[in-house]
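Asks: Here's the letter readout for the chains.
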Amino acid sequence: MSAEPAAPQRTFAQRILGENPSAWAFVLPAVLIIIGLSIIPIGWSLLLSFNSADLIRPAQWVGLSNYDALLKDPGIRDAVVHTIVYTVLFVPISTALGLFLALGLNRRIRFIGIYRTAFLAPFIASVAAQGVLFSFIFDERFGVANAVLDAVGLPRQGFLGDPDQALFVIALIGIWGGIGFPLVIYLAALQDVPRELVDAASVDGARRWATLRHVILPQLLPVTIFLLVWQALLSLQLFDLVYATTRGGPLDSTVVIVYYIYNQAFELFHAGYAAAVAYVVALFLILLVGAQLIYNRLRARHA
Amino acid sequence: MRVATDPPVDGAAEALDDSAPPAPKRGRLPFSPWHLVLAPAALLFALPLIWMVLSSFMSNAQINQFPPTIIPDSLHLDGWNTVLGDSDFPRWFLNSTIVAGVTVVSNLVFCSLAGYAFARLRFRGSTLVFLLILLTLIIPFQLTMIPTFIVMDKLGLVDTLGALIVPQLVLPLGVFLMRQFFVNLPREVEEAARIDGCSRLGVLIHVALPLAKPALATLAALTFLLMWNDLLWPLIAINSDENSTLPLGLTTFQGQHTQDFGAVMAGNVITVVPVLLAFLFAQRSFIASLSSSAVKG
Numbered sequence: 572m573s574a575e576p577a578a579p580q581r582t583f584a585q586r587i588l589g590e591n592p593s594a595w596a597f598v599l600p601a602v603l604i605i606i607g608l609s610i611i612p613i614g615w616s617l618l619l620s621f622n623s624a625d626l627i628r629p630a631q632w633v634g635l636s637n638y639d640a641l642l643k644d645p646g647i648r649d650a651v652v653h654t655i656v657y658t659v660l661f662v663p664i665s666t667a668l669g670l671f672l673a674l675g676l677n678r679r680i681r682f683i684g685i686y687r688t689a690f691l692a693p694f695i696a697s698v699a700a701q702g703v704l705f706s707f708i709f710d711e712r713f714g715v716a717n718a719v720l721d722a723v724g725l726p727r728q729g730f731l732g733d734p735d736q737a738l739f740v741i742a743l744i745g746i747w748g749g750i751g752f753p754l755v756i757y758l759a760a761l762q763d764v765p766r767e768l769v770d771a772a773s774v775d776g777a778r779r780w781a782t783l784r785h786v787i788l789p790q791l792l793p794v795t796i797f798l799l800v801w802q803a804l805l806s807l808q809l810f811d812l813v814y815a816t817t818r819g820g821p822l823d824s825t826v827v828i829v830y831y832i833y834n835q836a837f838e839l840f841h842a843g844y845a846a847a848v849a850y851v852v853a854l855f856l857i858l859l860v861g862a863q864l865i866y867n868r869l870r871a872r873h874a
Numbered sequence: 009m010r011v012a013t014d015p016p017v018d019g020a021a022e023a024l025d026d027s028a029p030p031a032p033k034r035g036r037l038p039f040s041p042w043h044l045v046l047a048p049a050a051l052l053f054a055l056p057l058i059w060m061v062l063s064s065f066m067s068n069a070q071i072n073q074f075p076p077t078i079i080p081d082s083l084h085l086d087g088w089n090t091v092l093g094d095s096d097f098p099r100w101f102l103n104s105t106i107v108a109g110v111t112v113v114s115n116l117v118f119c120s121l122a123g124y125a126f127a128r129l130r131f132r133g134s135t136l137v138f139l140l141i142l143l144t145l146i147i148p149f150q151l152t153m154i155p156t157f158i159v160m161d162k163l164g165l166v167d168t169l170g171a172l173i174v175p176q177l178v179l180p181l182g183v184f185l186m187r188q189f190f191v192n193l194p195r196e197v198e199e200a201a202r203i204d205g206c207s208r209l210g211v212l213i214h215v216a217l218p219l220a221k222p223a224l225a226t227l228a229a230l231t232f233l234l235m236w237n238d239l240l241w242p243l244i245a246i247n248s249d250e251n252s253t254l255p256l257g258l259t260t261f262q263g264q265h266t267q268d269f270g271a272v273m274a275g276n277v278i279t280v281v282p283v284l285l286a287f288l289f290a291q292r293s294f295i296a297s298l299s300s301s302a303v304k305g
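As they're listed, the protein sequences go chains A and B.
If you want our numbering, it's the 1-based position in the first sequence plus 571.
If you want our numbering, it's the 1-based position in the second sequence plus 8.
Warning: the hint list may mix true and false statements.
Chain B stretches covered by chain A per the calculated footprint, using a threshold of three residues with CB under 8 Å from any CB of chain A [claimed, not checked]:
#1 55-66
#2 131-140
#3 282-292
Since the hints were derived computationally from the structure, they do not count as laboratory data.
Where is the CB? At the ideal position from N, CA and C, for every residue including glycine.
With these hints in hand, go ahead and build the complete structure from the sequences.
Replies: And the structure:
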């Protein structure tokens with residue numbers, strides 16, 4: 572295995588630190604940062620969630636009462652509902668559109684570079700910038716969106732200013748900006764689908780659909796499951812887009828979970844309570860990732 | 009997973025392009041029917057960004073008139089004058105560049121070192137430490153952001169660029185990416201160098217890293233994209249305009265200039281265009297980055 576010459580006498584450092592004591596010098600900066608700013612905060616958050624803390628005065632131990640309050644908090648219930656609505660719209664639509672466009676781009680077609688750039692550019696742009704851009708496009712009075720509605724003779728809409736519409740408009744912006752990732756991943760996965768299958772699919776319409784359904788889509792199943800989980804993780808952690816467009820309004824109609832946590836911790840200074848909410852959400856997300864990992868493991872075993 | 013590459017669309021192939029399937033029987037269109045779907049869809053995706061650039065050159069009168077201007081009849085520089093001459097945007101651009109630049113370099117250095125050690129060197133605790141790093145990959149940021157803020161506060165870094173840089177000096181994902189790369193690198197070349205008396209660090213610098221250029225490009229692109237575009241953490245860690253980054257500054261600026269569309273759009277262009285240009289120049293590498301980040305699970 573190792574190329575280390577077998578040393579007859581192990582040094583003190585080798586006895587304590589293993590075969591390559593100098594290896595610790597390689598990993599030390601990374602380990603210090605990751606343990607200090609990722610591992611320790613995991614436990615620290617758990618402690619915080621049992622405290623009443625405002626980030627200024629010393630924390631007070633309150634046991635489980637943050638978790639108790641969490642169950643009765645209508646604000647959380649609303650945030651969960653908004654997050655689920657966004658997720659239910661964003662995940663299937665962005666994934667399906669990504670697949671559809673990838674199928675279109677996975678061929679010798681003119682302008683492929685231009686098409687791909689157009690679909691990917693929004694995804695590369697910062698979500699804050701996307702939000703700022705679209706809050707102008709969807710501006711009630713001066714926005715281009717209402718001008719277009721006027722031009723085709725449809726009634727003007729409130730869009731981000733209407734509590735009944737804002738969340739859906741945010742989902743639309745999210746899909747516009749979020750399609751690039753599934754598209755790229757599907758394009759990569761389609762390269763692994765044997766060329767003969769794809770060629771056979773292009774003979775005539777009926778067989779094309781059957782080939783797609785019975786041959787290509789099953790091949791893409793693992794990628795699809797990965798993408799569904801990935802897009803779900805993104806949408807359950809939605810924050811930037813809400814902050815850049817509505818800041819949770821109008822009438823709290825777009826407060827999503829992470830926005831709620833941010834607001835509790837850093838605007839209202841309920842850090843302990845926010846940590847409790849974050850813990851509950853994190854456990855849910857970890858379960859989601861765990862399910863994906865178990866699926867991968869099972870599939871690898873059956874393959 | 010392989011990287012999404014174009015089918016060869018060089019001159020000759022492109023000329024054949026859509027007539028490629030021999031004698032299309034029902035083909036009445038002189039081009040692939042997919043264009044009927046892809047062209048409008050691409051236009052729909054590109055239009056908001058094109059409009060962003062156009063409207064940054066519009067006067068407020070042009071934008072505020074009813075119905076709004078879609079194609080301006082004349083170009084104005086009011087917005088750009090405001091943003092470049094009378095706002096903190098140049099400062100925010102500098103801040104974003106510093107934060108992204110420092111974290112890209114430090115990730116390249118520290119993730120390479122750590123990734124190499126985890127891939128090649130056996131040392132006590134390596135498995136445990138690596139498992140801990142894997143664990144942090146699945147921990148969502150909102151779980152650690154409050155304690156991270158408290159740590160930055162104790163270090164006196166809140167409202168400095170340091171608060172943005174220090175937590176991201178080493179991304180766990182970067183360590184993982186580099187380790188995966190080195191694990192899959194054949195050992196033979198390195199062993200030859202070892203026998204020639206090269207130290208471990210020497211082997212890494214002179215033998216392994218030159219071979220790792222694709223992985224390093226991936227790591228640099230991912231780090232840059234994450235740092236340049238982040239909003240949540242700067243929002244928490246920075247309180248003053250002076251120390252804002254572009255996404256944070258942009259949202260603040262928008263709140264203060266709700267009627268000054270041209271200026272806000274010019275600021276938006278400044279925020280987005282560097283990343284888009286980098287993407288256009290390094291499209292393949294960017295796409296490779298995204299695809300390879302997908303295989304981490």
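Asks: Compare the structure with each hint and give your call.
Replies: Against the structure, the hints:
1. Counting residues of the stretch 55-66 of chain B whose beta-carbon sits less than 8 Å from any beta-carbon of chain A gives 5, enough to reach three: the coverage restraint holds.
2. Here the stretch 131-140 of chain B counts 6 residues with a CB under 8 Å from a CB of chain A, which clears the bar of 3, and the coverage holds.
3. Requiring three or more residues with a Cβ within less than 8 Å of a Cβ of chain A, the coverage given for the stretch 282-292 of chain B holds, as 5 such residues are present.
Violated hints: none; the structure is consistent with every hint.
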